[in-house]
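Undergrad: Between the sequences and the hints, there should be enough to build the whole structure, so can you do that?
Residue numbers (this note's numbering): 561 to 824.
Warning: the hint list may mix true and false statements.
Claimed, not checked - Label pairs and their computed distance ranges (CB to CB):
#1 Asp791 - Asp589: 47 to 55 Å
#2 Lys599 - Lys680: 21 to 29 Å
#3 Glu783 - Asp704: 39 to 47 Å
#4 Val722 - Met620: 30 to 38 Å
#5 Ser734 - Arg603: 38 to 46 Å
What the hints assert, rightly or not - Under the rule of at most 30 Å between Cα atoms (straight-line distance), these lysine-lysine pairs were calculated in the DSSO-like manner:
#6 Lys810 - Lys639
#7 Lys792 - Lys810
#8 Lys670 - Lys810
#9 Lys792 - Lys639
#10 Lys810 - Lys788
#11 Lys639 - Lys680
FYI, nobody ran anything at the bench for these hints, they're computed from the structure. All C-beta atoms in this analysis are idealised placements derived from N, C-alpha and C, irrespective of residue type, glycine included.
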Amino acid sequence: MSTIQDAIAKARATRNLTPTRQEMERGGDDPWAALTAFKPSIRRLRRNRIVAADGGRPAMDFDVIRTRMMQVMQANAWKRIAITSPTAACGKSTMVMNLAYSLSRHRDHKTMVLEMDMRKPSLSRAMQIPGEQQFSRVLEGRADFTDHAVRVGDNMIFATNVNAVNGSAELLQSPGTAQVLDDLSATYAPDTMIFDMPPMLTGDDTMAFLARVDCVLLLAASEQTSIKQIDKCERDIASQTNVMGVILNKCRYMDRDNAYDYYE
Numbered sequence: 561m562s563t564i565q566d567a568i569a570k571a572r573a574t575r576n577l578t579p580t581r582q583e584m585e586r587g588g589d590d591p592w593a594a595l596t597a598f599k600p601s602i603r604r605l606r607r608n609r610i611v612a613a614d615g616g617r618p619a620m621d622f623d624v625i626r627t628r629m630m631q632v633m634q635a636n637a638w639k640r641i642a643i644t645s646p647t648a649a650c651g652k653s654t655m656v657m658n659l660a661y662s663l664s665r666h667r668d669h670k671t672m673v674l675e676m677d678m679r680k681p682s683l684s685r686a687m688q689i690p691g692e693q694q695f696s697r698v699l700e701g702r703a704d705f706t707d708h709a710v711r712v713g714d715n716m717i718f719a720t721n722v723n724a725v726n727g728s729a730e731l732l733q734s735p736g737t738a739q740v741l742d743d744l745s746a747t748y749a750p751d752t753m754i755f756d757m758p759p760m761l762t763g764d765d766t767m768a769f770l771a772r773v774d775c776v777l778l779l780a781a782s783e784q785t786s787i788k789q790i791d792k793c794e795r796d797i798a799s800q801t802n803v804m805g806v807i808l809n810k811c812r813y814m815d816r817d818n819a820y821d822y823y824e
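TA: This is the structure:
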């Protein structure tokens, strides 16, 4: 029985990543259409606290953050935003995915999510993207982007990593990485590029990369992140780029109509 179930699961995964005939026909010179399409399981997303794909009440908190973020970025002509946290387990990657799905509901807004947390990648597993996508290979110049990224709908791209990467800080700081990002921006012309970064106080990966983005959102966890940690991260971010704001996550004592606190 398990063998049959495994075969069914494999067939479903292959079907999720197989371009339709219509997609192939309209690919042409459109680099977005040429990417492999992936349709995530809504049930799977919800199990992993990714609730912004469908909209409605569960997505309202993320929609508020999304709208404020878009307003600030558009006012400043910013396109690249990094999302990080002082330490692990603040909910950073969950925030990245929810903001991306919230943005994707703006049909004329194109979003690209790039996983730069290469010490502990999690996006591919959370969304159950089939295959062996390893975006780090693209940054190293050893693989083509189309082989390590998927398109969700018509206006959102995820480039993720299945495995952790040695020497990730050096990779993020390399001139080759800067060139790859510039090439992706020119080729796909996303309105927003979201970078899922490692926690700032657990290594030098994020500090090595901050100069390549326009702004940063810092995610802090209630009853876990200290004011001292937030202050240090804000100073370090401000020394290289713009601090868009701080999001307070996992707060149990706020008004239930406001699941997140956000300030600029």
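Undergrad: Now, for every hint given, state plainly whether the structure supports it.
TA: Structure-based check of all given hints:
no., hint, verdict
1, Asp791 - Asp589: 47 to 55 Å, "holds, 49 Å"
2, Lys599 - Lys680: 21 to 29 Å, "holds, 26 Å"
3, Glu783 - Asp704: 39 to 47 Å, "holds, 44 Å"
4, Val722 - Met620: 30 to 38 Å, "holds, 33 Å"
5, Ser734 - Arg603: 38 to 46 Å, "holds, 39 Å"
6, Lys810 - Lys639, "holds, 27 Å"
7, Lys792 - Lys810, "holds, 21 Å"
8, Lys670 - Lys810, "holds, 29 Å"
9, Lys792 - Lys639, "holds, 25 Å"
10, Lys810 - Lys788, "holds, 18 Å"
11, Lys639 - Lys680, "holds, 25 Å"
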